[in-house]
Structure formats: structure tokens, C-alpha cells
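Asks: Protein chains in written order, with the numbering used here: chain V, 1 to 150; chain C, 1 to 775; chain R, 1 to 300.
Because the hints were derived from the structure by calculation, they are not lab data.
Yeah, the Cβ is synthetic: ideal placement off N, Cα and C, and Gly gets one too.
Hints may contain errors.
Unchecked claim - Derived lysine to any residue pairs resembling SDA-like cross-links, with alpha carbons at most 25 Å apart:
| hint | chain 1 | residue 1 | chain 2 | residue 2 |
| --- | --- | --- | --- | --- |
| 1 | C | K702 | R | H187 |
| 2 | C | K30 | C | G247 |
| 3 | R | K282 | R | G192 |
| 4 | V | K81 | C | L133 |
| 5 | C | K73 | C | G232 |
| 6 | R | K49 | C | E58 |
| 7 | R | K282 | R | G269 |
| 8 | R | K29 | V | A83 |
| 9 | V | K142 | R | D151 |
| 10 | R | K42 | V | G82 |
| 11 | V | K142 | V | D98 |
| 12 | V | K56 | R | T3 |
| 13 | C | K444 | R | R278 |
| 14 | V | K81 | C | E58 |
| 15 | C | K556 | C | E571 |
| 16 | C | K423 | C | L405 |
| 17 | R | K49 | C | T114 |
| 18 | R | K109 | V | A54 |
| 19 | C | K50 | V | T58 |
| 20 | V | K77 | V | V47 |
| 21 | C | K764 | R | L255 |
| 22 | R | K42 | C | M60 |
| 23 | V | K49 | R | G25 |
Unchecked claim - Beyond 10 Å from chain V on every Cβ pair, some chain R residues (computed):
| hint | residue |
| --- | --- |
| 24 | P11 |
| 25 | E15 |
| 26 | R61 |
| 27 | E65 |
| 28 | E82 |
| 29 | G102 |
| 30 | K109 |
| 31 | A141 |
| 32 | A150 |
| 33 | D164 |
| 34 | G192 |
| 35 | G208 |
| 36 | E232 |
| 37 | T240 |
| 38 | N241 |
| 39 | R278 |
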Amino acid sequence: MKIEGAYSIAAPRETVWQYLMSPESLAHALLGCEKLEPAPDGSFQAVLKIGIGAVKGTYQGRIELADVVPPVSYRMKVEGKGAGGFVSGEGTLSLSADNQGGTKIQYSGEAQVGGLIASVGQRLVQATARQVVNQFFQAFSKQVLSPSAK
Amino acid sequence: MAIAILGERIKRKEDPRLIQGRSHYVDDFKLDGMLHMAFARSIYAHARIKSVDVTAAEKMPGVMAVLTGADLKGKLGLVPCAAGMEGLKVPDHPCLAIDEVRYAGEPVAAVIATDRYLARDAAEKIEVDYEPLPVVVNPEKAIEPGSPLVHQKLGDNLAFVAKLEGGDWKAIEADTSLKVVKQRLVNQRLAPASMETRGVIASYSPGEDMLTVWSSTQIPHILKTQLAIMTGLDEARCRVIAPEVGGAFGSKLNVYGEEGVACFASRMLGKPVKWIEGRRENMLATIHGRDQINNVEIYVQPDGKVMGLKCWIIADLGAYHQLLTPAIPTLTALMILGCYNIPNVFVETKGVFTNKMATDAYRGAGRPEATYIIERIMDIAAREMNMDPAEFRMKNFPQPKEFPLALPTGVTYDTANYQKALKKLTKISGYAKLRREQEKLRKKGKYLGLGLSTYVEICAMGPSSRMPAGGWEFGSVRIDPTGKVTVLSGTSPHGQGEETTFAQIVAEGFGIPYDDVTVFHGDTGMVPLGIGTFGSRTTAVGGTAIHNAVEKLKKKMARIAAPKLEVKPGELIFESGKIQTKDGAKSVAFGDIVAEAIFAKQLPPGIEPGLAEQFVFEPPNYTFPFGAHLAVVEIDAETGEVKLRNYYAVDDCGRVLNPMLVDGQIHGGLAQGIGQALWEDHVYDENGQLLTGTLMDYAMPKAHQFPWFETSGMETRTPVNPLGVKGVGEAGTIGSTPAVVNAVVDALSQHGVRHVDMPLKPEKIWRILNQPMSA
Amino acid sequence: MITEPFEYHSPTTLEEAWQAMAETGADGKIVAGGHSLIPIMKLRLASPKYLIDIGRIEELRNIREEDGRIEIGALATHYQIEASDLLKRLCPLLPETASEIGDVQVRNKGTIGGSLAHADPAADWPAAILALEAEIEARSARGSRSIKAADYFLDLMTTALQPDEILTSIRVRAMPPHTGQAYLKLHHPASGYAMVGVAACVTLTESGAVAKAAVGLTGAGAKAVRAVAVEEVLSGKSPTNHKLDEAAAVAAQGLELNSDLYASAEYRGHLARVYTRRALAKAVERARGASSLQPVAVQG
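Turn these sequences into a full structure, and let the hints steer you where they fit.
Replies: What follows is the structure, encoded as C-alpha cells:
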């Protein structure tokens, strides 16, 4: 499954980058994120509770960043496991100045779902992924733009 | 007057108990102390098992045992494959995966607990650490060099290559006047999805050292033998009962790992262990059907006579062999000439391993694929030859007087009259008128399509020489002192209605009321021998065994009656409860001779007391039912939706014993065949994840999606058995799939379309209609 | 296909239900007909610890009308709506929509309130509710509020209902004169859900122009939407074939379209246009039939 899109935030690139590299801020923006902690190998351990309407699941996973080019881009590898299924994906996030003085975050990646989610959820899997991403960026931009953040 | 009973529309003996829910399926049995089993299954299509942590599951109160592949290694046999083909690669197939999983859904561990819910909850707590391995799902890619291997040990993914060749290809290939028509066809993977999922109860009694197994199976006797081999118990210590079975369509013509684990667990714990498959497991881990890629070409003379056929079959076998996995595509090769007398044939079949569930017998089992290949290519060729598809087929049918007809594929068709079936079809459907309607609608830009399919199938399986483990069938008939008759059959009907048909055969034979006959089957403790129900064999082979046992008893009874009536035994007939001379002048009551035989006061010398006979019928050949179908479809040009407007079917299954049962088989078969053409598709993604894991996504056909089926019969009896019956269990499925695809392609032909792969989803058709017209 | 363990509550009044909701919090889940929730529980995609079955709260079951205002209790089953003479007369879009849901068994058990609370993106009711400009009554221990259909569907299976609220009824107005309504859908062959479903309500003026058109679209994206752009094209115009084409052409404008095994986003967009066109044409035809006006001669 391909996941790609772009999101603009009315904040300078350096600021956005800072937030994107901060586990606390990411954890805060990821709805249902119960844990996001750095692991000794440089990756992050995460526990995520995803809820879309009545559908709810807890996922334990690992997020790894690579090819970090501040404040331009990084590659992200995600692996998650939950009741009866798994999610894994790899993608790139890149930041560029948009034409209104803000920052455009472009993301593009491939995600794979397996087990229960794959075999019973194909109808909604794409819409769900889209919603999780949208919610993330909404919460993320709110955080970046919140007065306390400045 | 005798009451005619064979050939009558008699209501099924089975129905009252089934309709009222008073019958017992495996899940209805509750045994004292019974435990329940659930499986943890692989979420990966291919992975190394680094570890299986069962501690959390084991700690749950009520969990009696947790088993993994390691626990069973060396103690429980492998899942058996009976297809004894030369050069076949047979990978080890443990009941629970050991070290490696090779398809999503493969059982990894089993939990046995005091209730079913607890077992499921505990199974969810099993932690398996997987290391994902490269996956191959596309069978064409699987045989390319460098493909990931499903079984590292086997060196490649090619399980077998089988070649079938007949005729004189040098002459054909040198003949430049022949037109070669080629097409690549994909026969997609399907889910059998019977209404009742699989289920098993294994109950081992340590005191008696007896293992009793209730299983939702089509083959209780074969299952008994295999479970004895797997568990190491003496076969005499094993009994398999197939109680009411809620459909199977071939998917329960098998021995599954879960059955083995249930037996192992029951022996280990000394308690009955029940496993009832959930629907999601059923979609994932019960065998799948079809899944072939066919490259076919035919060689046509300028006058339309087809002189040769070549086909390269790639059969996706999945990750392991189930009971008959590799044998199924070989049936495709055997029947690839359909009802055409094509003198030259070449078929190469490659069986390929992929990281998917095994394929195996599913309604038609290899023959729907064959019929699809030949009926599609005949339609394509007719168009290219500018001939009407009916006329083109007529030209290539053998004449009725040519039967029995030996084909270059090595099979000999028994009897047929293909011309008559097609003529009857064109008459009842108003074929010529439909063609005129099509012409008119075309001018208005509307899409109406007519699709013909003339099929022949191979049934009544089969001569033992050509079957993996015996093709005979057992029947026994016993007359009790009250004059009532008990019939035992080695077949295992599971919805087909043979309790009714068999009773009809016996009642007609003895000239007694149909209600006086009771039929039992599906219990190895009751029926000494048997093969089972599959391959449209039950009535033709099993019914014949019963018929012949009746004849044996009648001879004996006539010998007892003859001296009393002062006639020769050969002069007596059985009619209306009497044994009498043909003119009716001398008679004795049926019941009197029964009493005489059983109480044995004055039996003629040399006659054993009692009235019980058995017969094992070995069929000298298969039977070859045939038919002609016509589908009429309308296509919504704006959305690509296909509407099946009419369906006409003429089916000849030999002698019809009960037209109502035949209609039922045809109707159900049509629904399944049309389902494949239009809706059904069991889809894996490129990572080997099954995407159609529920009936929300897998499109099973539903009654409201169909028009009224106009069915019509013909009777061309077979000499292969004394009843003259051929079999009808799979005919509807076999004939209908190509009819529907031919109809849709016919409708789209004005748009230059030559072929569309199944299922014919609206989006596919919309895209075709929105492409620039091809030449 | 076995759920995780849960505790079952069956309140008989709203007050008891609210209390149970307050006590169980995020671990509780309301169930009505169970035709959305139970399947996902059996798949273990949802595992509420407490199930609060509101099926015994009788007051939520009624369909009634007063002064042209129709109230449908949340527990009204699809079949109850399909068979309601009152609705057939006053708001035929609802029975027509009900008749397209699932199969007989589903319609006998599933409820309109349950379906709307679940808000499956391919459910049928949302299209009709949007086109009828219905109001959704939500009640909690804090009080009652009325949510406009247009404000109700927020995102994929996400609605404006608050965690402590129960959807208690749906209110619609009786169909005004010179109005036609229609619901058309392409059924998914397995689930029966709408690949795309379009509900259209068209009211004509005395002269046969479109006084008001309202179109609800389901199945196309993450949530059901009102096809405002379509309505704008038609407003005040004579509904000629050409005009309907023009209106339908913008049906999928601005939507993020779903794509799955059965239909790509592109095809869904196409279906949205075709079915909008067809639903509008049917609604217009019915509006003309419903009025005493002579049909206006329309040529595309």
C-alpha cells in the first residue's frame, strides 16, 4: 500500500524539523501514543493505541530513522505488531519551504499490513491509514503553532 | 401395478430433520469431559520461527495443554498426500509448523482448554517470534531462476512436470493451411466456503484403546486409515464417523493437520478434544480451488475443423500438498479436449509451489479449468473463423455412433449425443431470435451477449487402476425379520441426497415401499468398507454397489420362493410387495420369503439363512455426462455492470433417478460456476497476505443475483454401470463458467474485445469500454 | 470468530444506560442491533470490556409523525422503516434506502441508530440522512442536543457524538409537494455495502424548475458527504438531461476517494457521477409525477 501526501505548516523549516526530531512532540501528536522512547540502538520503542470508531487496537513497535539530513529529510522505518497482525513500512519525509513562508512536509512510503488486519480489513485499510496520517499532521501542526511552543 | 419409484420426483428423506434443525453436525456433539482446541496461525506467508513462547497461554486457568510443532515431531505423522505421481516432489508437511511457516494461516500451535472461548483467548496469547523470509506468490515467477524458494530443501519450486501427448504433431505443424488461435487464460483461485466449516472431535478411551473421531469429512474410511497411520494406532482401534456434513464441495475430501492434532491431544490428555473451524480459518486454511494459468492454442482447418490443441498449464499448488493437490491439474489435461474430436493433443502441466494455502479438489476439480480452456478457445476461434459459435461447435462434435470414443488424451468417452443437446438448447432458448435481438440492440449502442458452452465431464470416479487409492465402492443390503431393509453405503453423502436415491434403488428393486428402506453411511464402525463421496461418483458407483447387492438378495429370495410356487427362480419378479410370476398368476408375499429366509425352517439345501448381501462395485470406466448451456447477459455500458438476464441449461447425466435432486445439483452448480465467472476471487497480495479473508470481501454468490434457471434434461444412459447413471454433482459448475465469460466477451466483441479474465468485475469492463476500440 | 470476553449490560431506561456508560467509560460500548459491532468484535478488531445493550429501551423504537415532523427512534430496524406505511407516504426515501441494506436477516436486526453511530463509510443511511437534511438527536445525562446531518459525519467511522451521548432518534420533515426522492447504489457483491450510493431529493417549482436539490453520497470516500457542488448547479434551473449531466459531473469534486480490491478511486469517482445522474433523474421524474404539473418537455 502506498502512502503519500503533503502537509503545510505555517512555521519555519528549522522549527518544524526540531519538532519532527523530538520524541516528546511526536508522541504527543500521534493520537493514542502511549509510549515513544529511545532504545539503545538508536531506534524508538513505541506503544500505540489506534482507535477508529469502534475499531480499536494496541500496537507495539519500533521506529527507526536513517539518512537524517537536517533540516531536509530522513527515512523512517516502522514496524508494529498487535493483536493478530502486523504493520511495517518504510518511507521518506522531506521538508521544503512553501511559498507562504511556511514549511511543506512531503511524505511518501510503502506500508505492508499482515495477519488479521490484512485479511479482514482491506476495504478500510487505506482510508484508515489516511486518517491516522491526517490526524497526526493536524495534531502536529497544532503543537508546532501553539503559543506555548514558542 | 408396480409403483414407479426410479425417475420420480420424490422428496428427500433427509430434509425433514435438516429443515427442522433436528440433525447433528460435529459441533452438535457434546461429550463428557470434552475439551476444546484452538490454533495460533502464522501471520506471515513465509518466515523462520525463531521462538514460540507459550508461557502466557499455559498459565491461563482452564488451559490443559499447548502444543507446538516441536511437541509433535516424531510423535505424530505428517499430513498425507495420496497423489502417487512419478517424480513428484513431496515436501514434509507437519501438522503444526516446525522451524518455518510457508503460508499465512499455517497452524503453529494448538491450545486445548476447558471451553472454546478460553482456548481462543489463550491462542491469542501465544507469542511467536518470526523472521520474515522472501515470499513468492506468483506461480510464473516462482519457476523463474532466482525466485525465493518455498522449500529450500527441494532446490526449486517446481513440484512436477507432467506431459500428455497424442496424435501426429509433425504433420500438424507442417500444415500451413491451419490457422493457429492462441490465448492466455487465468483461472483464479477460489474458496470452497461450504456452509459448515470443518470440525472434528477426537475421543480416545485409554481403557479400550479406542480412538473415535467425528469429522466433517467426505471420506471417513480414508480418514480412518490415514489417522491410524499418523497416530500409530492399529486401524482396528480407530473409528471415524462423518455425522451430518453441511457441504464440502471437495474441500473435505482431505486429511487435515488439525484432525491429526486433535487425535494426538485426545490421546495425550485421555479426553475428547473438539475443534470447530471459524469462518476466517476456513477462508485461510481450508484448501482453495482452481488457480491455474493456461496458455492454449488450437489448430483450425479452413473449413472450421479443429485438428490439434496444445496447452501449457501452470498450476499453483500452494505451499504444501494436501491429499490430492498435485493430482487435480492432471484432470485438466485429461479433459482438455472437451466434447470435440480433436485428433492431436499436447499438454504440459507444471505444478508449482507458492507461499499460499494448498489448492485441491473444489467442485469440478480440474475439469472446470479444462472446460474453461476448451470452451473459451473454441469461442475465440469461431469468431476468428467468422462462424457462429454454435455452428463451429457442431462441426467439431463426434457423431453419436462413434461412441465409445477413444481420445488421444487416453480416456474413452462412454456415450453421448452432443448435437442433440446443443440443438435442444438452441431451441428452448430461442437462440436465433436472441441473435436477432442482439443485432437490433447493437444498433442502439446496447450490449447484449450470448455465451455458449458445450461441456463434457469425467464422473463416477473411477476405475481403481486410475485412482490413487481405489475407485470401487461398497454397498450392503440387509432385510430384517420385519421385512424392513437396512442399507449401508461406503460413500459419504453430505447434502447430495443419496439416502433418498439409494432408497429408491432398493425399493424399486424389491418392489417394496420406499419408506421401508433406511440408508446409513459415514460411520466406519458400521460400514466395513468405503471410499467416499466426491467426483460425482456416489450414485453411479455407490448406487451400483447397492443395486448389485439387491440383485444378489433377489436371486437368493427367488431360489427360496421358486419351489413354493413350483416355478423356476428365473421366472420370478419382485413387484408390489410380492414375489410373483410375470403374469401374476402365482405369487408369494415378500414378507413370507423374508421370514422363511431368516427363521430358516424349510430352506432349500445349500442356502444360508439370513438376508444380507454386500457388493463391492469396481467401475470398468469413468462416465462422461455432458450438456449445453447458454448465458444471456446485458452490460451497462456506463458502469460496466454485468446483468445475467437468462440462463438456459440442457444437461445429460445419464439415467435420472430423481429429477428433483438433479435439478438441485444443477442449480447449485450453476450458482458456483457463475460465481467464479462474475464475482469470486480469493486474492493474496504480493506479500502473501490473504486479502479476502471474510465473506464481506469474498463474494460468494447469492440467490437474488440469479435469474430463473431454465433447465432441461436429456437421458443418454451409460453402459458403464447397470443403472445407466452418469453423475451430476459437478455438471452445473463445469458448464456455466465459460458460458458466462463467452457471453460477456460476445457482448463486448463489437468493441474489439477478444478475452477478459475472470472475475468480470464492473470496473474491468468499464475500463475496456472506455479504452479506444482495439482493431 | 470468537470475541474477547466482555460483560453484558441491558439497561431498560436511558438513565440506566447513561449510568452504565459513566461507570464503564472508554471500556464500554453501546450495542443496538449488533450488525456493525458484533462482526468486528468477533474478528477481535474491537474488544470492549462492557457491552451496553440499549435494545430494551422501548421508547427508542417508535416511528411517529406530528405536523409534518417525523421522528424515527434509533432502535427502529431497517425492516421497520422499509415496511412503514407512514414513511412510504411522507418520506419514501427512507423505506427505499432501507430496502437496499444488506439482506433480509440484516434488515430484521440492524437499526438505523446503530448504523449511524457506527458510520461505516459505505453504509446506506448516511446518504439518505444527508439528502433529507435530517437532525440527529443525541441525549446524555447532561441533556439533549440536535445535530444537523451535515455536521454529524466527521471522518472515517467518526461522528459528532460525544462519548457520553446516545443517539436516540432521527428527525426528518415530511416530503414537501412537488418533490421526488430516490436512492440508488452499486452493491458490493460480497458485503452488499454501497460501492457508491446516492440519495437525491428534488423539489420542483410550479414551472418545473429545481426549487431545491439535496444529494447525499456514500461509499465514495472516508465518510458520507453532501454533494453541494451538484446541488448548486441545479438550483433554480430546469432539470434538463443536459443540466443533470452537468450537475452529476461535479459529484466527486474535491473528494478523497476510497480504493479497495473491488473498485479503484478513479472508478468510484466515475460511479459517483453516474449514480448521481441516475438518482437525480429518478428523483426529478418522481417529482414530476408527484405534482399535478404537466411534465416539462425536456431535451438533453
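Asks: Run every hint past the structure and note whether it holds.
Replies: These are the hints, each one checked on the structure:
1. Restraint check for K702(C) and H187(R): the C-alpha separation of about 12 Å stays at or below 25 Å, so the hint holds.
2. Between K30(C) and G247(C) the alpha-carbon distance is near 21 Å, which keeps this suggested pair within the 25 Å criterion.
3. As the CA atoms of K282(R) and G192(R) are separated by approximately 22 Å, the hinted pair is consistent with the 25 Å bound.
4. A C-alpha spacing of about 17 Å is found between K81(V) and L133(C), which places the hinted pair at or below 25 Å, so the restraint holds.
5. Restraint check: the Cα-Cα separation between K73(C) and G232(C) comes to about 13 Å, which is no more than 25 Å; the hinted pair holds.
6. Proximity of K49(R) to E58(C) is assessed by CA-CA distance (about 23 Å); at most 25 Å being required, the pair is judged to hold.
7. A threshold of 25 Å between alpha carbons decides the hint, and for K282(R) with G269(R) the separation of about 20 Å falls inside it, so the pair holds.
8. The straight-line distance between the Cα atoms of K29(R) and A83(V) is roughly 19 Å, inside the 25 Å bound, and the hint therefore holds.
9. Distance restraint check for K142(V) and D151(R): the Cα-Cα separation of roughly 22 Å lies within the 25 Å cut-off, and the hinted pair is therefore satisfied.
10. Between the alpha carbons of K42(R) and G82(V) the distance comes to roughly 16 Å, so the proposed pair stays at or under 25 Å and holds.
11. As the CA atoms of K142(V) and D98(V) are separated by approximately 18 Å, the hinted pair is consistent with the 25 Å bound.
12. For the given pair, K56(V) sits about 13 Å from T3(R) by alpha-carbon distance, which is consistent with the 25 Å threshold.
13. Restraint check: the Cα-Cα separation between K444(C) and R278(R) comes to about 20 Å, which is no more than 25 Å; the hinted pair holds.
14. Between K81(V) and E58(C), the direct Cα distance comes to roughly 22 Å. Compliance with the 25 Å bound is thereby established for this hinted pair.
15. Distance check on the hinted pair: K556(C) and E571(C) sit about 13 Å apart at the alpha-carbon level, within 25 Å; holds.
16. Between the alpha carbons of K423(C) and L405(C) the distance comes to roughly 21 Å, so the proposed pair stays at or under 25 Å and holds.
17. For the hint linking K49(R) to T114(C), the alpha-carbon distance of about 22 Å falls within 25 Å, and the restraint holds.
18. For the hint linking K109(R) to A54(V), the alpha-carbon distance of about 19 Å falls within 25 Å, and the restraint holds.
19. For the hint linking K50(C) to T58(V), the alpha-carbon distance of about 23 Å falls within 25 Å, and the restraint holds.
20. Taken as a hint, the K77(V) and V47(V) pair is honoured in the structure, with Cα atoms around 15 Å apart against an allowance of 25 Å.
21. Distance hint between K764(C) and L255(R) is fulfilled; the C-alpha atoms sit about 22 Å from each other, no more than 25 Å.
22. Under the criterion of a C-alpha separation no larger than 25 Å, the hint pairing K42(R) with M60(C) is consistent with the structure, at around 21 Å.
23. As the CA atoms of K49(V) and G25(R) are separated by approximately 16 Å, the hinted pair is consistent with the 25 Å bound.
24. Separation of P11(R) from chain V is adequate, the least Cβ-Cβ distance of about 19 Å exceeding the 10 Å criterion.
25. With a cut of 10 Å on Cβ distances, E15(R) stays outside the contact zone with chain V, its closest approach being about 24 Å.
26. With a minimum CB-CB distance of about 22 Å to chain V, R61(R) clears the 10 Å threshold, and the non-interface call stands.
27. Residue placement check: E65(R) keeps its beta carbon more than 10 Å from all beta carbons of chain V (closest about 31 Å).
28. With 10 Å as the threshold on Cβ separation, the claim that E82(R) sits away from chain V holds: the shortest Cβ distance comes to roughly 25 Å.
29. Under the 10 Å C-beta cut-off, the non-interface status given to G102(R) relative to chain V holds; the minimum distance is some 15 Å.
30. Residue-level check passed: K109(R) sits 17 Å from the nearest beta carbon of chain V, beyond 10 Å.
31. At roughly 22 Å from the closest C-beta of chain V, the C-beta of A141(R) stays outside 10 Å, upholding its exclusion from the interface.
32. The beta carbon of A150(R) is kept farther than 10 Å from every beta carbon of chain V, the shortest such distance being approximately 19 Å.
33. Interface exclusion of D164(R) from chain V stands, the closest Cβ pair being 16 Å apart, more than 10 Å.
34. At roughly 12 Å from the closest C-beta of chain V, the C-beta of G192(R) stays outside 10 Å, upholding its exclusion from the interface.
35. Every CB of chain V lies more than 10 Å from the CB of G208(R), the least distance being 40 Å, so the non-interface label holds.
36. Look at E232(R): its CB is around 26 Å from the nearest CB on chain V, clear of 10 Å, so calling it non-interface holds up.
37. Distance check on T240(R): its Cβ is at least 36 Å (rounded) from any Cβ of chain V, clearing the 10 Å threshold; non-interface status holds.
38. Every C-beta of chain V lies more than 10 Å from that of N241(R), the closest at about 34 Å, which supports listing it as non-interface.
39. At roughly 24 Å from the closest C-beta of chain V, the C-beta of R278(R) stays outside 10 Å, upholding its exclusion from the interface.
Violated hints for the displayed structure: none, as all numbered hints are satisfied.
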